[in-house]
Amino acid sequence: DTEVTQTPKHLVMGMTNKKSLKCEQHMGHRAMYWYKQKAKKPPELMFVYSYEKLSINESVPSRFSPECPNSSLLNLHLHALQPEDSALYLCASSQVGQGLEAFFGQGTRLTVV
Amino acid sequence: KQEVTQIPAALSVPEGENLVLNCSFTDSAIYNLQWFRQDPGKGLTSLLLIQSSQREQTSGRLNASLDKSSGRSTLYIAASQPGDSATYLCAVRSRVTGKLIFGQGTTLQVKP
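Here the protein sequences line up with chains E and A, keeping their order.
Each number in this note's numbering corresponds to the 1-based position in the first sequence with 43 added.
Each number in this note's numbering corresponds to the 1-based position in the second sequence with 1130 added.
No lab work stands behind these hints: they were computed from the structure.
Just so you know, not all the hints are guaranteed correct.
[Unchecked claim] Once the Cα atoms are required to be at most 20 Å apart in a straight line, the calculated DMTMM-like pairs of lysine to aspartate or glutamate come out as: (1) 84/E to 1133/A; (2) 1172/A to 46/E; (3) 1172/A to 144/E; (4) 84/E to 127/E; (5) 1229/A to 87/E; (6) 62/E to 127/E; (7) 1198/A to 46/E; (8) 79/E to 1169/A; (9) 1131/A to 87/E; (10) 81/E to 1169/A; (11) 1172/A to 1133/A; (12) 1198/A to 144/E; (13) 1198/A to 1157/A; (14) 83/E to 1214/A; (15) 84/E to 1169/A; (16) 52/E to 1169/A; (17) 1172/A to 101/E; (18) 1172/A to 87/E; (19) 1229/A to 1133/A; (20) 1229/A to 127/E; (21) 79/E to 1157/A; (22) 1172/A to 67/E; (23) 65/E to 95/E; (24) 81/E to 1133/A; (25) 79/E to 67/E; (26) 81/E to 95/E; (27) 84/E to 95/E; (28) 65/E to 128/E.
[What the hints assert, rightly or not] Here are a few chain A residues that face chain E, going by a calculated C-beta distance under 8 Å: (29) 1174; (30) 1179; (31) 1235.
[Unchecked claim] Which chain E residues stay away from chain A? Per the calculated CB distances, all over 10 Å, these: (32) 61; (33) 67; (34) 84; (35) 100; (36) 110.
Being a predicted model, the structure only gives us computed values, none of them experimental.
Positions of the beta carbon are idealized from the N, C-alpha and C atoms, including for glycine.
When you get a sec, could you build the whole thing from the sequences and use the hints?
Right, dumping it as structure tokens:
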């Protein structure tokens, strides 16, 4: 099983709402990632968790709050977003270490209205 | 700073053609290079992973090569099919930062 599962697939939220994106993998990977992708652009790294601890935050605004409750789950909590935050949010996972393959989920299409 | 470039940005070919997608990177300090496929509005599907010590990898009609010293990789697709239409992204994992750094992608259209 090389699957990374993201829910929901689509999300529309108002600027005052609070919502969460979820990501799950059962490959035993101990590194998990959040990426943001705008139309016709490559994915941009947001956060990296290694062994359930936040190891990289790419200067992401605090309205995005990641959480890794266990080795299989990764959440992204959203609050007070702006319309420009509308994008495809991708979760990925890999083993920790050198040169290991990254697996991506199908993404959550987020629209902020 | 590592930069990854993909040429061409877009490609349209008739069905059955063999084709080559190009990827270049500026810093040879990489762990590996990975080719991905992305359908519109969907996630990334890993196609091939080439470790820095390897020269090529093959999967079905796909063959990827890596020349680390010259900072180049190619993805060869044999006997293209309309179902191959998608955006193809290459990404290198930097030895300096450990991050996966993406190119801008090549959007491929295979016409029946």
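Here is what the structure says about each hint:
no. : hint             : in the structure
1   : 84/E to 1133/A   : holds, 14 Å
2   : 1172/A to 46/E   : holds, 14 Å
3   : 1172/A to 144/E  : holds, 19 Å
4   : 84/E to 127/E    : holds, 14 Å
5   : 1229/A to 87/E   : holds, 11 Å
6   : 62/E to 127/E    : holds, 16 Å
7   : 1198/A to 46/E   : violated, 30 Å
8   : 79/E to 1169/A   : holds, 16 Å
9   : 1131/A to 87/E   : holds, 15 Å
10  : 81/E to 1169/A   : holds, 14 Å
11  : 1172/A to 1133/A : violated, 24 Å
12  : 1198/A to 144/E  : holds, 18 Å
13  : 1198/A to 1157/A : holds, 9 Å
14  : 83/E to 1214/A   : holds, 18 Å
15  : 84/E to 1169/A   : holds, 13 Å
16  : 52/E to 1169/A   : holds, 15 Å
17  : 1172/A to 101/E  : violated, 23 Å
18  : 1172/A to 87/E   : holds, 15 Å
19  : 1229/A to 1133/A : holds, 12 Å
20  : 1229/A to 127/E  : violated, 25 Å
21  : 79/E to 1157/A   : violated, 24 Å
22  : 1172/A to 67/E   : holds, 17 Å
23  : 65/E to 95/E     : holds, 15 Å
24  : 81/E to 1133/A   : holds, 19 Å
25  : 79/E to 67/E     : holds, 17 Å
26  : 81/E to 95/E     : violated, 27 Å
27  : 84/E to 95/E     : violated, 29 Å
28  : 65/E to 128/E    : holds, 17 Å
29  : 1174             : holds, 4 Å
30  : 1179             : holds, 5 Å
31  : 1235             : holds, 6 Å
32  : 61               : holds, 24 Å
33  : 67               : holds, 14 Å
34  : 84               : violated, 7 Å
35  : 100              : holds, 12 Å
36  : 110              : holds, 21 Å
Comparing the model with each earlier hint shows violations of hints 7, 11, 17, 20, 21, 26, 27, 34; every other hint is respected.
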